[in-house]
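A.B. asks: Residues per chain, in single letters:
There are 2 protein chains.
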Amino acid sequence: MPKKKIMKCIDGNHAATHSSYALTEVAAIYPITPSSNMGENADEWSAYGRKNIFGEQVIVTELQSEGGASGAVHGSLSAGALTTSYTASQGLLLMIPNLYKMAGELLPCVLHVSARAVAAHALSIFGDHSDVMACRQTGAGMIASCSVQESLDLGLATHIAAIRSSLPFIHFFDGFRTSHEIAKVEMIDYEDIKKIAPYDEIREFKEKAMNPDRPVFKGTAQNPDIFFQAKEASNSYYDRAPMIVEEAFERVHSITGRKYHLFDYYGHAEAERVIIAMGSGCETIEETINYLLDKGEKVGLIKVRLYRPFSAKHFMRALPASVKSIAVLDRTKEPGSEGEPLYKDVSTLLYERKENILVVGGRYGLSSKEFTPGMVKAVFDNLKAREPKNFFTVGIEDDVTFTSLKYEALDTVPQGTVQCKLYGLGSDGTVGASKNAIKIIGEETEMFAQGYFSYDSKKSGGITVSHLRFGKEKIQSPYLITDADYVACHNQAYVFQYDLAKNLKKDGTFVLNTVWSEQELESHLPASLKKDIARRNGKVYIIDAVKIADGLGLGQRINMIMLTVFFKLANVIPFEDAVKDLKKANEESYGRKGKEVVDMNNAAIDAAAAGLKEYKYDCESWLHAEIKEIDIKKVHEPYTDEAEKIMVEDIVSTIARLNGDDLPVSTFAYEDRGMLPGPDGSFPTATCRFEKRGVAIKLPKWIAENCIQCNKCAYVCPHASIRPML
Amino acid sequence: MPKKKIMKCIDGNHAATHSSYALTEVAAIYPITPSSNMGENADEWSAYGRKNIFGEQVIVTELQSEGGASGAVHGSLSAGALTTSYTASQGLLLMIPNLYKMAGELLPCVLHVSARAVAAHALSIFGDHSDVMACRQTGAGMIASCSVQESLDLGLATHIAAIRSSLPFIHFFDGFRTSHEIAKVEMIDYEDIKKIAPYDEIREFKEKAMNPDRPVFKGTAQNPDIFFQAKEASNSYYDRAPMIVEEAFERVHSITGRKYHLFDYYGHAEAERVIIAMGSGCETIEETINYLLDKGEKVGLIKVRLYRPFSAKHFMRALPASVKSIAVLDRTKEPGSEGEPLYKDVSTLLYERKENILVVGGRYGLSSKEFTPGMVKAVFDNLKAREPKNFFTVGIEDDVTFTSLKYEALDTVPQGTVQCKLYGLGSDGTVGASKNAIKIIGEETEMFAQGYFSYDSKKSGGITVSHLRFGKEKIQSPYLITDADYVACHNQAYVFQYDLAKNLKKDGTFVLNTVWSEQELESHLPASLKKDIARRNGKVYIIDAVKIADGLGLGQRINMIMLTVFFKLANVIPFEDAVKDLKKANEESYGRKGKEVVDMNNAAIDAAAAGLKEYKYDCESWLHAEIKEIDIKKVHEPYTDEAEKIMVEDIVSTIARLNGDDLPVSTFAYEDRGMLPGPDGSFPTATCRFEKRGVAIKLPKWIAENCIQCNKCAYVCPHASIRPML
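Chains as they are written, first to last, in the working numbering: chain A, 1 to 726; chain B, 1 to 726.
Just chain A, with the same shape it has in the complex (with noise of 0.2 Å):
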């Protein structure tokens, strides 16, 4: 009888802990964004004397930097203990050194790496794979996961493949996007881990350790006379990898039912346009392929998931015989190479079968940018041009040398997903309740769930975009939400500064916690907000939840109050359910603080549903909105000189709108250093007094006869905007 699935609703940071947790004895570990919650998930678990399958704690030790913890992975391995870690970016590329130690010692190390991009022109902690491809050279195995399933499934096989090959081994899957996506997924049990653990190949591993007893002489210094033969003594080890992986698939599929291979084609059985490529943007590709089939396109993915050893002869076999012409997508960037990683492996072994497959590179989703059906389309349309582009980008506008394509939007998900986007403020419990929104929907019905958070880098205090998604089909989709069944604003203030309804579906829902009246709503309004939501037939619904909550005693947390009305009105789940899951939910989290908070949050969720008033608007008069708007980028006026200018209305008032995305590359090609964005990465300096975002719910107030003049308060002001003076 087969078992009961447990499904979860988690992040692919925890996914990958998960099954790395099982088959780890020590974990070196230096947390680095957006991989930290890997470490700290581990350092958590053995904290609280979770086992791994052998029974033992994982013993879980954090060091000076990510060169220290890849050192003590090499000697923790030396001395027969199985061993882990998990990092990213610049961390990753301090464990070079110690990856082509652990290489060239056959020592079964398992990095976890949340793939991120590494720090250039600026730092960006978001995701690319420009830190695992640093990697590629230096012998280690690496496979790629592209989802937070997959984070779970290849996860568990790729220690299992390390092992059983003596290699050490990358799983990679892409930093913020799967690292930080909360998907609903089905969980392996330890029980089942340990039927496909490899016992043998453990036990021989641990027999090769160091050991005063069975001494042998490791890291030795090697002349020109010996190294070379060698180093080809080990070929034997990467030759077999390959097979080992696909028994490691195999294994986990015996105990998953989810079957893997080195390289999975999914599209046309007859494609004559492939895409390849790595990563949770293969998971956009899937879904844009499926709308592309319905439409007669004859499309199709090869999904690489061991990129290294590279096995020619796998590739091959899944590529249909059909293909004409091939795109490869890399997402990194090596400047001053014809063409990135994956599209040099895949062009070379084409022209040593001397194949006649046009093939085409290009570069996409740089820094977690977004990847959309749109773009795959672009890519596969691209294909189809009489000479397709090569050396492409896609994702950016390059009017500077002109490599990007063109894309326009497409929507591919799913029908009957219910999409939701909640716009919160850094810290005010939006994202937290988005979480339970998830965990209700997802763990206590059969729907899937979908949860990502996009937060600015001011974290808190700055702005929060939950996405959520529902719905009875399973849901890929690893990009933002542009068509939302339902917006919540839960800052009132936001209403001047972002575009909220743009992404509204419509006759969409967009619910507003405001202090306004009705009366104020309809003066105070911006024309352009009236305007989107009009055009798309907006209901509007608004609540005054800071004073619902200040009434309740809650303070600010206004969380339990708008995720009531979420729930009473994104319809996923009957409302009523929704309130007894919400207050079992209180039990669970606020018994323990005493019976009266709990009564608090629970009055909380009677009072939002009665709190909560559709506002009728005339429709004619907000299509026809003209009024006059507090325009940021009037405020400047006069500018200093025209550069000024640019920096305010064109480049500043759009990244603060959110609408960075738009800018093209000129934005960033300026020779005018200190005036304009330079191609260096530099910028003009102080540009923070062109962003006024008035969030703040409450204001200070200086009073004079009170002041001592003690200058505390411009100690305490974190952003110096008050300033003592002699």
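The list treats identical chains as one, so a pair stands whether inside a single copy or across any two.
Straight line, CA to CA, 27 Å or less: simulated BS3-like cross-link-like pairs of lysine-lysine:
| no. | residue 1 | residue 2 |
| --- | --- | --- |
| 1 | K313 | K298 |
| 2 | K458 | K218 |
| 3 | K218 | K645 |
| 4 | K354 | K313 |
| 5 | K295 | K406 |
| 6 | K354 | K389 |
| 7 | K439 | K5 |
Calculated directly from the structure, the hints in this document are not laboratory data.
Chain A is already provided as a structure; the job is to place chain B on it using the hints.
C.D. replies: Just chain B, lined up with the frame of chain A:
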């Protein structure tokens, strides 16, 4: 009127530092073999007040690691100083994060790298391209030099190109083979460099530097909205770079007359088989091509000088239209990759252009493994095969995975070149004497000279072999001497240990420094050596240099004596001239130490000439010598087990006899961990007990009645041979 050429005998490190110092204001260093001398040269020159072309002493500062050095380079460039560093191997790996930053920020850093293997199964301080290849994705430009002269010329061009293109550059040349080869080169005068220095761009660079009067915001963090666009904003810098490098080569040409291109073709105008390579191997290939052209073969070579940015256009222009097959040689290994980097670059661009040229790739010369004309011929021969081997190795015997090409010895050194091989004991002065010989011949005559010195890893007390070439024709041959006109053994114990005469030419000269009388010589010389000499009809000379040195008060310093012997017998320049030059050199070297020391050394010259004796052996009896030799293999019987027997007889004795190059791959692929060398680089312990070297001239004797049992002897013995017992 053309200026008089200044010819000097210097090594590659000196050459690179000479050019680099001219255009450097700050050097942040952390010396690592084999690049240390560059940092040390710069440091020393700066300390002695040498000026760069701007009339400044270079500020040389040593950091705590290569990571810190690269950080300091980044900071110094940001502050507007022309900044340089020198590194290799793991040191370079630690600079990778900052290379990304400097590329992103368009900073004209120059790293001079004496390219070295990266530690994996074992560490190696010797040369290959593993380290620089680990940087090819960073966005740094990469320029390769093939010889000492090129390290001077292209080292200079690299600085000019970096400044003019606003990009960081790595200038690399082969560790040890070029960095430590002494060759006669034409120097570049700083006055000439002033004529071609890019003053305008230097001014622009300094104007862009950080300056409180012109503040600019650098090192920002960018979010998904703008990072990708900003990353593409520097494309045109890379597009322009090849043209700028070409122009830099042209500037160097204008003051030196030596012409370089991004890709230099050498060989038959209608070549059908072409090798593509980088670094010192190109010199060997060129020399072999000369030989093969004489035989009527249509072969050629493309030397890759600008590796990054890789200009496909320039590459295709350099490739003869007649080419039918190409072998791409990479001096690196990336386990798990289908082919090495340069091979992929070439295959990819030929696929793009729908070419129908057969391309194979191979590895050679890892960790300074010899790369000889015989191997080059094997690579060309492979291209003639019906199905040329791909992913081959050359220079070793791979009897496990069968990647290796078979090759035979081939002598392509120009006729008339005198080749000398001197065996010395580390710190006995042989290497110093050899360098003096090169200096005297190379700088005082019109002849060309080359010196390369192989050390073993025991350093002081280990063996040194000096390889010297002299001739009227230009010397390339960046490989060890296998056909010596003159072989000198400066340590008598070596006759039992090494096959001293195996590389002696027919009718060549063999000199032995020995305390033996002629009778003792006849009875002690091992049969194998006698046979080797007699078969070649070698002339044998003996001298008791130790006795002469002792008598003159020179202690163990036999270098002046053996140098005199060299000039007397090697027949490179008239002996009388040599004596004059030697005495002049003594005056220069020891003048400061007083007349007595000078006289002592001059006396050594005269005594050497007098003490040298030819030993006329009986050729017939030597050819049939059957003296029972002390056989290192036999000393250790009985063996503990079969593994120990293999270890002693097949492995340690072969390596100790300097024949490690003959060991095949299988020698290092045993899976009997701890018993025999494994594919993970492991070795059995305590193998030095199998290697009795007997190199000491004097032996300590324990005098029981004097011993007070202080145990200090155990403390000072570096080899732990004296062990106190309770």
